[in-house]
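Number of protein chains: 2
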Amino acid sequence: MKVLVIGGDGYCGWATALYLSNRGCQVGILDSLVRRYWDSQLGADTLTPIAPIQQRIQRWHDLTGKTIDLYIGDITDYSFLSKTLRAFAPEAIVHFGEQRSAPFSMIDREHAVLTQVNNVVGTLNILYGIREDFPDCHLVKLGTMGEYGTPNIDIEEGYITIEHNGRKDTLPYPKQPGSFYHLSKVHDSHNIHFACKIWGLRATDLNQGVVYGVLTEETGMDELLINRLDYDGVFGTALNRFCIQAAIGHPITVYGKGGQTRSFLDIRDTVRCVELAIANPAEVGQFRVFNQFTELFTVQDLAMKVKSAGISLGLDVEIDHLQNPRVELEEHYFHAKNTNLLDLGLQPHYLSDSLLDSLLNFAIKYKNRVDPQQILPRVTWK
Amino acid sequence: MKVLVIGGDGYCGWATALYLSNRGCQVGILDSLVRRYWDSQLGADTLTPIAPIQQRIQRWHDLTGKTIDLYIGDITDYSFLSKTLRAFAPEAIVHFGEQRSAPFSMIDREHAVLTQVNNVVGTLNILYGIREDFPDCHLVKLGTMGEYGTPNIDIEEGYITIEHNGRKDTLPYPKQPGSFYHLSKVHDSHNIHFACKIWGLRATDLNQGVVYGVLTEETGMDELLINRLDYDGVFGTALNRFCIQAAIGHPITVYGKGGQTRSFLDIRDTVRCVELAIANPAEVGQFRVFNQFTELFTVQDLAMKVKSAGISLGLDVEIDHLQNPRVELEEHYFHAKNTNLLDLGLQPHYLSDSLLDSLLNFAIKYKNRVDPQQILPRVTWK
Chain A
0 MKVLVIGGDG YCGWATALYL SNRGCQVGIL DSLVRRYWDS QLGADTLTPI
50 APIQQRIQRW HDLTGKTIDL YIGDITDYSF LSKTLRAFAP EAIVHFGEQR
100 SAPFSMIDRE HAVLTQVNNV VGTLNILYGI REDFPDCHLV KLGTMGEYGT
150 PNIDIEEGYI TIEHNGRKDT LPYPKQPGSF YHLSKVHDSH NIHFACKIWG
200 LRATDLNQGV VYGVLTEETG MDELLINRLD YDGVFGTALN RFCIQAAIGH
250 PITVYGKGGQ TRSFLDIRDT VRCVELAIAN PAEVGQFRVF NQFTELFTVQ
300 DLAMKVKSAG ISLGLDVEID HLQNPRVELE EHYFHAKNTN LLDLGLQPHY
350 LSDSLLDSLL NFAIKYKNRV DPQQILPRVT WK
Chain B
0 MKVLVIGGDG YCGWATALYL SNRGCQVGIL DSLVRRYWDS QLGADTLTPI
50 APIQQRIQRW HDLTGKTIDL YIGDITDYSF LSKTLRAFAP EAIVHFGEQR
100 SAPFSMIDRE HAVLTQVNNV VGTLNILYGI REDFPDCHLV KLGTMGEYGT
150 PNIDIEEGYI TIEHNGRKDT LPYPKQPGSF YHLSKVHDSH NIHFACKIWG
200 LRATDLNQGV VYGVLTEETG MDELLINRLD YDGVFGTALN RFCIQAAIGH
250 PITVYGKGGQ TRSFLDIRDT VRCVELAIAN PAEVGQFRVF NQFTELFTVQ
300 DLAMKVKSAG ISLGLDVEID HLQNPRVELE EHYFHAKNTN LLDLGLQPHY
350 LSDSLLDSLL NFAIKYKNRV DPQQILPRVT WK
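Chains as they are written, first to last, in numbering that gives the first Met the number 0: chain A, 0 to 381; chain B, 0 to 381.
Honestly, the hints are just simulated from the structure, not real lab data.
Please note that the accuracy of each hint is not assured.
Cut-off 30 Å, straight-line C-alpha distance, at most; resulting in silico cross-link-like pairs (DSSO-like, lysine-lysine) [unchecked claim]:
id: 1; chain 1: B; residue 1: Lys167; chain 2: A; residue 2: Lys167
id: 2; chain 1: B; residue 1: Lys256; chain 2: B; residue 2: Lys381
id: 3; chain 1: A; residue 1: Lys256; chain 2: B; residue 2: Lys196
id: 4; chain 1: B; residue 1: Lys306; chain 2: A; residue 2: Lys82
id: 5; chain 1: B; residue 1: Lys1; chain 2: A; residue 2: Lys167
id: 6; chain 1: A; residue 1: Lys1; chain 2: B; residue 2: Lys381
id: 7; chain 1: B; residue 1: Lys1; chain 2: A; residue 2: Lys196
id: 8; chain 1: B; residue 1: Lys1; chain 2: A; residue 2: Lys381
id: 9; chain 1: A; residue 1: Lys336; chain 2: B; residue 2: Lys167
id: 10; chain 1: B; residue 1: Lys167; chain 2: A; residue 2: Lys381
id: 11; chain 1: B; residue 1: Lys304; chain 2: B; residue 2: Lys256
id: 12; chain 1: A; residue 1: Lys256; chain 2: A; residue 2: Lys306
Label pairs and their calculated CB-CB ranges [claimed, not checked]:
id: 13; chain 1: A; residue 1: Gly72; chain 2: B; residue 2: Tyr36; range: 27 to 35 Å
id: 14; chain 1: B; residue 1: Thr63; chain 2: A; residue 2: Glu330; range: 35 to 43 Å
id: 15; chain 1: A; residue 1: Leu62; chain 2: B; residue 2: Lys381; range: 41 to 49 Å
id: 16; chain 1: A; residue 1: Thr379; chain 2: B; residue 2: Arg166; range: 26 to 34 Å
id: 17; chain 1: A; residue 1: Ser78; chain 2: B; residue 2: Gln40; range: 17 to 25 Å
id: 18; chain 1: A; residue 1: Pro134; chain 2: B; residue 2: Thr169; range: 38 to 46 Å
id: 19; chain 1: A; residue 1: Asn279; chain 2: B; residue 2: Glu109; range: 33 to 41 Å
id: 20; chain 1: A; residue 1: Glu109; chain 2: B; residue 2: Thr160; range: 33 to 41 Å
id: 21; chain 1: B; residue 1: Met0; chain 2: A; residue 2: Ala86; range: 54 to 62 Å
We treat Cβ as the ideally placed atom computed from N, Cα and C, and that holds for glycine.
With the hints as constraints, model all of the structure from the sequences given.
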């Protein structure tokens, strides 16, 4: 199976590319490397020292004998994208190639526009590229659980059956995204749904929760294969960020009361979910939505778990409740379904003390690389 | 009341600008004139000979003594938009300034991307401009009834209360738009809703039906004030297009069976609806949605009405059922609410024989300007 991983130099993308390669897929990576550029613009850096993509791929080849094709360029440039698709001829495309940070999109007008244009145009181009040359190719697109917001009813997987005034229909689940980034994913979902309907494309939207963890079997094989781990206020996500804060003796930064419930998954489940989606493709004309997470936690719960794991390792861990830089409910109902991927065979890695220990130890190993100036949130929604 | 009409050189925008000026508003027009440029690129032209915007405004001043400020530029250029807002200091912004043709957006990838980037970025810029300098300014945004698609349940005005698994919430109405243009309006709606929530802006989304008619009290005052009337396969909409076809002896072009039900309104109601929205602004932080139409017809019904009016004027009118260039249901349930504007005092102009007669006579008057090559649809959805 030939799989093109767009955004294959990123956190989820790199782990996915190696995993699929290891499982026997013929993998290509398409990446513009703009995320590394944004890091340098923001003065941020991954906790872990990641190698250049060319070295990463070379090392993977040296270790395993497996080849990953590399295409460096931007999918908003259609001529590059089209040429790449024709050269690689994918049977499935895994699309991680978007600006994926909510705070980044809320920095200012320019970053909001950049995020929406980059994400929407990139995805439109992929849809046209598939339609043009590979109409049977299965698009596996990374969405986000944040597309749903926090409705006061159960969250279904992409669609909801509504009875209203004595009639009934199954319609796209209403969306209430919470940042210009999350909005861009909602725009994508609508665009992809339409393309499936009119052109008969096949697509799976993976509405992913917050991913944590750093090691997969493949990225742990060698220091040159190490994955990125973000802890800064723009790209760092809960749990990973909390562990790094605990490791360096910085208080854990909970936004507001921390009663926000979010969905989470281990990066080892991310790569497996993508594999399951590829192995069980959507039908012709089908726009399929999977909610890709394994557990729900409040932010305060997570902070408490990290604190307790830290204490058992002898760390002195404090929890700080910062004024919430985001506009979001801090107390709300949240119950989301996630049976589609479980039904396909996903066996979750649940968050455990041992995982927290290993994440904390990982953070301790690289703690001399932390820039404390990067930790606190500097972007506000208001 | 100072009202900035963005897209004030267009079909709805021009009629609205003059109407509001006549009713005592201080009106500014912001327009890039790109629609005239697209017409020339497509080789299309309005049936009616419209004057340059500068002459239009001058003539309006000469006839009425009223001044309309003119700002020529593109709202996707934020520095221009911001400068204009500061110069004019609007209390309300009426935003017609988008690419508004579904077939135009479906021509090819470039037109799909152009439509979405133009519309989404323009609206994002307006939101940031309001937030920056005029946070109390009321945004009246033109949406479309096409955002809803054709669900098998009643269409409410923007929101729907859903009971699900024993819980209840009022959520954004699910959207199933039918072209990359209609999708751009859905993206806008989500973006505006979010901006109202986080920044406390006030906005009204007017989900407008298909507009017909050419004369308003103001545009009928003088030949130099005449409004545009599109009949071509890209920008011409049902009814207006049908009348022009009947006037020149071209068969009326119904797509497919013509069982598609759509919502319609007279352009004299468009201008009144905008006035009502402005006079009754949304609350701080409120994203309000009005379904702006007065009647529902199937496309086949409309064709029959035009045929019968034509025959009474001695015209020989045929109806052709073309292969549908769009992907849409030709038989479906459609029942949409429109009470919000009626409750504010809208008194509809219903489609009547006299209106059809006057539209047909108008079309006959200018029929020597018709280019028959422009009539048939040349853009397909597949």
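Right, here's what the structure says about each hint:
For the given pair, B/Lys167 sits about 16 Å from A/Lys167 by alpha-carbon distance, which is consistent with the 30 Å threshold. Between B/Lys256 and B/Lys381, the direct Cα distance comes to roughly 18 Å. Compliance with the 30 Å bound is thereby established for this hinted pair. With a CA separation close to 20 Å, the supplied pair A/Lys256 and B/Lys196 stays within the 30 Å bound. The straight-line distance between the Cα atoms of B/Lys306 and A/Lys82 is roughly 51 Å, outside the 30 Å bound, and the hint therefore fails.
A hinted pair counts as satisfied when its Cα atoms are at most 30 Å apart, and B/Lys1 with A/Lys167 does not qualify at roughly 45 Å. Restraint check for A/Lys1 and B/Lys381: satisfied, since their Cα atoms lie roughly 27 Å apart, inside the 30 Å limit. Pair hint B/Lys1 plus A/Lys196 does not hold up; C-alpha atoms about 44 Å apart against a cutoff of 30 Å. As the CA atoms of B/Lys1 and A/Lys381 are separated by approximately 27 Å, the hinted pair is consistent with the 30 Å bound.
Of the supplied pair hints, the one linking A/Lys336 and B/Lys167 holds, its CA atoms being roughly 17 Å apart against a limit of 30 Å. Straight-line distance between C-alpha atoms of B/Lys167 and A/Lys381 comes to about 29 Å, which keeps the hinted pair within the 30 Å bound. The straight-line distance between the Cα atoms of B/Lys304 and B/Lys256 is roughly 16 Å, inside the 30 Å bound, and the hint therefore holds. Under the criterion of a C-alpha separation no larger than 30 Å, the hint pairing A/Lys256 with A/Lys306 is consistent with the structure, at around 16 Å.
Range check, A/Gly72 to B/Tyr36: Cβ separation about 31 Å, and the 27 to 35 Å hint holds. Between B/Thr63 and A/Glu330 the CB atoms are about 56 Å apart, so this pair departs from the stated range of 35 to 43 Å. Hint check: A/Leu62 to B/Lys381, Cβ distance near 47 Å, so the stated range 41 to 49 Å holds. Look at A/Thr379 against B/Arg166: about 32 Å separates their beta carbons, and that is inside 26 to 34 Å.
A/Ser78 and B/Gln40 have their C-beta atoms about 21 Å apart, which keeps the hinted 17 to 25 Å range intact. Distance hint check: the CB atoms of A/Pro134 and B/Thr169 are about 40 Å apart, consistent with the given range 38 to 46 Å. The beta-carbon spacing between A/Asn279 and B/Glu109, approximately 35 Å, falls within the hinted interval of 33 to 41 Å. Hint check: A/Glu109 to B/Thr160, Cβ distance near 38 Å, so the stated range 33 to 41 Å holds.
B/Met0 and A/Ala86 have their C-beta atoms about 59 Å apart, which keeps the hinted 54 to 62 Å range intact.
Violated hints, in rising order: 4, 5, 7, 14; the structure is consistent with all others.
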